[in-house]
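Using the hints, position chain G against chain V.
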Amino acid sequence: MTDGLCPCGSLLRASRCCAQPAGALAGQESLALLDGQGQEAARLFNDRKYAEAEALALKLLDLAPNFRAPLRVLYEIRKAQQRGAAAEALGARLAALPGPAQARAAANMQFAQFLVGQGRHAEALAPATETLKATPRDAAAHHLMGVVLTETGNLPGGEHHYRRALKLLGRDDPLAVANLAWNLRQQGRLAEAAALYAQAVPPETENRRGIGGYAQVAFARGNRQAAVAMLDAALARWPDDRTLRLLRVMADLAMDQPQAALERLGPPEQLLPLEALALGRAMAQLGRLQEAMGVIVAARRAQRERNGLAYDEAGLRARAEAYKAYFTADRVQALPRAGAGAFMPVFLLGFPRAGTGLLEQLLAQVPGFAVGDEAAPVGDLVQEVTRLTGAAYPQALDEFIAGGGVELPDRLRGLYEERRQRRGLLRPGARFITDRAASNVWHLGLIKLLYPEAPVIHVLRHPYDLMLSNLMQDRRLEGNAQAGAPALAKYYALQAEMIAHYRGQLTLRYLPLRYEDLVADPAGKLREVLAFIGAEAAPPDETTLRANAAALPDPVPEHLATRAPVHARAAYRYRDYVAQMPHLFDELRDTLAPWLATLGYEDAEMRA
Amino acid sequence: MSGAVEPGKQVVPLSEALEKLARLEQENKLAEADDLANRMLAAKPDHPHILHLAGIVAYRNGRVEQAIARMEQAEALAPEMALYPRNMCEVYRGAGRLEDALRAGRRAVELAPNDSRAYFNLALIHYERLELDESVRMAERAIELDPDYAEAHFERAEALLLAGRMREGWESYEWRFKLKQAEGMLPKTDKPQWDGQPLPPGKLLIIGDQGFGDCIQFGRLIPWAALLAPQPVLACSGELVPILRQIPGAGKIVTRWEDTGDYDAYIPLSGLPRLAGIDTGNVPPSGYLSPAPALVREWAGKLDRLTPKGKQRIALVWAGRPTHKNDKKRTLKLGQFAPLFAREDLAIITVQKGDSIAQVGGYYGCAPLVNLGPEIGDFLDTMAILQSVDRLVTIDTSVAHIAGASNVPTSLVLPYAPDWRWLLNREDTPWYQSVRIFRQQRPYDWGGVVERVAAGL
Numbered sequence: 189m190t191d192g193l194c195p196c197g198s199l200l201r202a203s204r205c206c207a208q209p210a211g212a213l214a215g216q217e218s219l220a221l222l223d224g225q226g227q228e229a230a231r232l233f234n235d236r237k238y239a240e241a242e243a244l245a246l247k248l249l250d251l252a253p254n255f256r257a258p259l260r261v262l263y264e265i266r267k268a269q270q271r272g273a274a275a276e277a278l279g280a281r282l283a284a285l286p287g288p289a290q291a292r293a294a295a296n297m298q299f300a301q302f303l304v305g306q307g308r309h310a311e312a313l314a315p316a317t318e319t320l321k322a323t324p325r326d327a328a329a330h331h332l333m334g335v336v337l338t339e340t341g342n343l344p345g346g347e348h349h350y351r352r353a354l355k356l357l358g359r360d361d362p363l364a365v366a367n368l369a370w371n372l373r374q375q376g377r378l379a380e381a382a383a384l385y386a387q388a389v390p391p392e393t394e395n396r397r398g399i400g401g402y403a404q405v406a407f408a409r410g411n412r413q414a415a416v417a418m419l420d421a422a423l424a425r426w427p428d429d430r431t432l433r434l435l436r437v438m439a440d441l442a443m444d445q446p447q448a449a450l451e452r453l454g455p456p457e458q459l460l461p462l463e464a465l466a467l468g469r470a471m472a473q474l475g476r477l478q479e480a481m482g483v484i485v486a487a488r489r490a491q492r493e494r495n496g497l498a499y500d501e502a503g504l505r506a507r508a509e510a511y512k513a514y515f516t517a518d519r520v521q522a523l524p525r526a527g528a529g530a531f532m533p534v535f536l537l538g539f540p541r542a543g544t545g546l547l548e549q550l551l552a553q554v555p556g557f558a559v560g561d562e563a564a565p566v567g568d569l570v571q572e573v574t575r576l577t578g579a580a581y582p583q584a585l586d587e588f589i590a591g592g593g594v595e596l597p598d599r600l601r602g603l604y605e606e607r608r609q610r611r612g613l614l615r616p617g618a619r620f621i622t623d624r625a626a627s628n629v630w631h632l633g634l635i636k637l638l639y640p641e642a643p644v645i646h647v648l649r650h651p652y653d654l655m656l657s658n659l660m661q662d663r664r665l666e667g668n669a670q671a672g673a674p675a676l677a678k679y680y681a682l683q684a685e686m687i688a689h690y691r692g693q694l695t696l697r698y699l700p701l702r703y704e705d706l707v708a709d710p711a712g713k714l715r716e717v718l719a720f721i722g723a724e725a726a727p728p729d730e731t732t733l734r735a736n737a738a739a740l741p742d743p744v745p746e747h748l749a750t751r752a753p754v755h756a757r758a759a760y761r762y763r764d765y766v767a768q769m770p771h772l773f774d775e776l777r778d779t780l781a782p783w784l785a786t787l788g789y790e791d792a793e794m795r796a
Numbered sequence: 018m019s020g021a022v023e024p025g026k027q028v029v030p031l032s033e034a035l036e037k038l039a040r041l042e043q044e045n046k047l048a049e050a051d052d053l054a055n056r057m058l059a060a061k062p063d064h065p066h067i068l069h070l071a072g073i074v075a076y077r078n079g080r081v082e083q084a085i086a087r088m089e090q091a092e093a094l095a096p097e098m099a100l101y102p103r104n105m106c107e108v109y110r111g112a113g114r115l116e117d118a119l120r121a122g123r124r125a126v127e128l129a130p131n132d133s134r135a136y137f138n139l140a141l142i143h144y145e146r147l148e149l150d151e152s153v154r155m156a157e158r159a160i161e162l163d164p165d166y167a168e169a170h171f172e173r174a175e176a177l178l179l180a181g182r183m184r185e186g187w188e189s190y191e192w193r194f195k196l197k198q199a200e201g202m203l204p205k206t207d208k209p210q211w212d213g214q215p216l217p218p219g220k221l222l223i224i225g226d227q228g229f230g231d232c233i234q235f236g237r238l239i240p241w242a243a244l245l246a247p248q249p250v251l252a253c254s255g256e257l258v259p260i261l262r263q264i265p266g267a268g269k270i271v272t273r274w275e276d277t278g279d280y281d282a283y284i285p286l287s288g289l290p291r292l293a294g295i296d297t298g299n300v301p302p303s304g305y306l307s308p309a310p311a312l313v314r315e316w317a318g319k320l321d322r323l324t325p326k327g328k329q330r331i332a333l334v335w336a337g338r339p340t341h342k343n344d345k346k347r348t349l350k351l352g353q354f355a356p357l358f359a360r361e362d363l364a365i366i367t368v369q370k371g372d373s374i375a376q377v378g379g380y381y382g383c384a385p386l387v388n389l390g391p392e393i394g395d396f397l398d399t400m401a402i403l404q405s406v407d408r409l410v411t412i413d414t415s416v417a418h419i420a421g422a423s424n425v426p427t428s429l430v431l432p433y434a435p436d437w438r439w440l441l442n443r444e445d446t447p448w449y450q451s452v453r454i455f456r457q458q459r460p461y462d463w464g465g466v467v468e469r470v471a472a473g474l
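Heads up: the sequence lines are chains V and G, in that order.
189 is the number of the first residue of the first sequence in this note's numbering; add one for each residue after it.
18 is the number of the first residue of the second sequence in this note's numbering; add one for each residue after it.
Same shape as in the complex, but just chain V (with noise of 0.2 Å):
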């Protein structure tokens, strides 16, 4: 027999598993003959006679691939067995099942559930809209759905379908108001989820994750003493708990408490990667900075070794290159752009770590000014583009040169304002509303048909400091580029080539800012932005400025309820490192150079 079992892992054979061909399966009517059998493979499975019952659905599968009920059988069994490649392959067949719309919508949710369990909560979307389909009145699915948009970055969706999970359910279930609460911490809505926090999570709970959120928001919102309160009765009760120890060593950091910090985390070879860089970032801020770089290196390699974190190098540049070659001066002079908007986005463009945060925050003082942050991204417009349109971005926008695409920039234009209204960011009185969304990097040829004078700032910083300041930070960058300082690298470079490009193809409204600049002569800085935005409103006196203090809008964003009183500590903080560890950066050096002459950083590491 030539047919072997399945690489995935299921034991059946290949044709009967993951190389079914198609068009070759049973129809219901033959599979119906089976349904005894199909029982009593379900009956042995309830019964917890596992090895009979997956004996059964193995042979009744060989006979019928399509057959549900042994699927199922051996779905949950090789999930119970942690085998991942096959339980996912058994619970894709199972979703894709057609049938009555409850067997339908367990498949889908069971799936969707898996999906989410592993993290990736974009592939769980489709079953998770299957499941929906299916049971639109069922409040688990809406539940699914809600933590599914939540954690795919869709906030209002995802606020949705919780809400509609509550009302269906007729009671504050507290599991989703919890998550309720922490999809409305997303938003920046922080007043409306630490009332929910309070109704979810009461003390004596044993939801812990909920307690998480809740000590999150109590700091946010300033209540540092009341978080630490939650966090530390938490531990009390659950002391092996790695993430409330986590939460309450980040605590540590942001109230610059890096001992308190040390000496919760204990040695660093007992840490996972995300602990071992919280202490990395304690040594860091103790001035030891040779461990710090020790342990936040051996924190990124055990990612990349154990958890198979790597950069996506090829797709990204496969990426930059299509974008490349698409916008160039004369085809975008050719699409028509949209006519004046509602209001006038700013866009702040920069690396990760690069000072937009800080530059948002100093807008945000001013009159005039509403934050917008990361919500309702430009980039979100491309699956609209390709929805309108039938084609694939970005070769679709051509077809806004002709007939009815003439209006799709307006219409665009319309519902990028339109979804951002919806986050209750256009206050009253706000002529600006800034957007700092990081995949606005990828899309100034698509801002540019939106906006085509809208102002694009784009803060520099010394490219070793962003190098620095991102590996110690956990934070998912695209691509994985956070994998290690090389990847780091790599991605600048591609950034710093992406904006190089559409800054020569493009007619920009365009304005550098270095960070170093903006926290030496803050006020002096902000005046200059004001002026390039066209904003007559006067910034606050220099000591309001630089304590960053200001009354918090709401919705507020993450990076500014945790602002700080600006300080120029971190500017060329690469050169105490570089004092200490000259080789620091010779790998990167190849992959920075070119950018460190193009924006004149040169001279300051040669002054380093």
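Calculated from the structure, these hints are not laboratory results.
None of the values given here were measured: they were computed from a predicted structure.
Careful: at least some of the hints might be erroneous.
Taking beta-carbon pairs under 7 Å as the criterion, some of the chain V residues facing chain G (in silico) [as the list claims (entries may be wrong)]:
(1) R519
(2) A522
(3) A526
(4) A688
(5) H689
(6) F720
(7) Q768
(8) T786
Heads up, the beta-carbon is just placed ideally off N, CA and C, and yes, glycines get one too.
Quick look at chain G alone, frame taken from chain V:
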């Protein structure tokens, strides 16, 4: 077996291989030529003619240093071969090594005193060194040997015109239509070239030959022609139509030979200065082009929105069309204008078009920069934009003519040996009153030029 040929290898006589290599180079099959040259060199590394041809192939592939090394080796191996220094003269010129070029050129005429091409090469070198009398003498020597040598006549014209000997220069300038690259510039007709005598209305065909800059420069003579031959028909490329339409006197303007209608005589635009007897003292003044007010307003509004206030606006063009024969000499990199970029009191408005706009991506100077090129549709846009800047800084390209013809204050940076029209030893030009010239002090060296431009702002 001794002397046996390896399987799969073919033995080709050396003469055939050399002939093939020369042919591949002439047919612009440069990759193939490169491959063959390398294989031949591997087989016979000390063969002078292989080295020489391989040098030419390397030069054509952009590897100038390697080209020179190979060709020098060839010359050392066969010092009596006149062809070698003759070709090296041109390669040295391309590399900017004018002393070596001169030496090679002189050696070439010494070895082959009857080779017109060798004298022509020397004429080119003397032009680059601004030894114009010598350039004319060498061109005339080439013409003596080969009276129909169009390139030599044209080189003589350029040297005479640059020296300000306009009337002599215009006569030789007529040879430009016999140059290989001029093919198709004039209509296929049995009608005569216009001699300046009066013609009935609509019976003169004026042809917008040469580049855009030339057409704009000589377009000022259309009213003069129209006095003698009213309503002349103007044939030009589509891009020039909206520009030349502004000049009074022309009749209909066509973009296809089929649309010219009957005419009694024709004249290229660049032939009008000769007929009109133009010299440095009687050039009709500039200011004969002006953009449409509505377009000026539209661009002014855009510039107001895009440009920071309170700064002197400097429009900038730093690169020409790469296919232009002198582009290497005239084109700079954006970064070479650094003395302007260091000035916080300036706002740079780039009106550059073409592939060079990509250089803006790496700009991080002190002066804010607005990359306007991607929004510019045609010369009318450029002309309108220039009305809203304080000054244009440009290399020798069509935008300089647009600015000059519409009296926009302009700083023009020029190579050491410029195009003939900019003359020598003067900061102004009789062609455009608003243009101030900044010249290289040494061949191919832009050092100090932009600094002087910046100091003059």
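Cross-check of the supplied hints:
no.	hint	in the structure
1	R519	10 Å, violated
2	A522	10 Å, violated
3	A526	16 Å, violated
4	A688	3 Å, holds
5	H689	6 Å, holds
6	F720	6 Å, holds
7	Q768	30 Å, violated
8	T786	5 Å, holds
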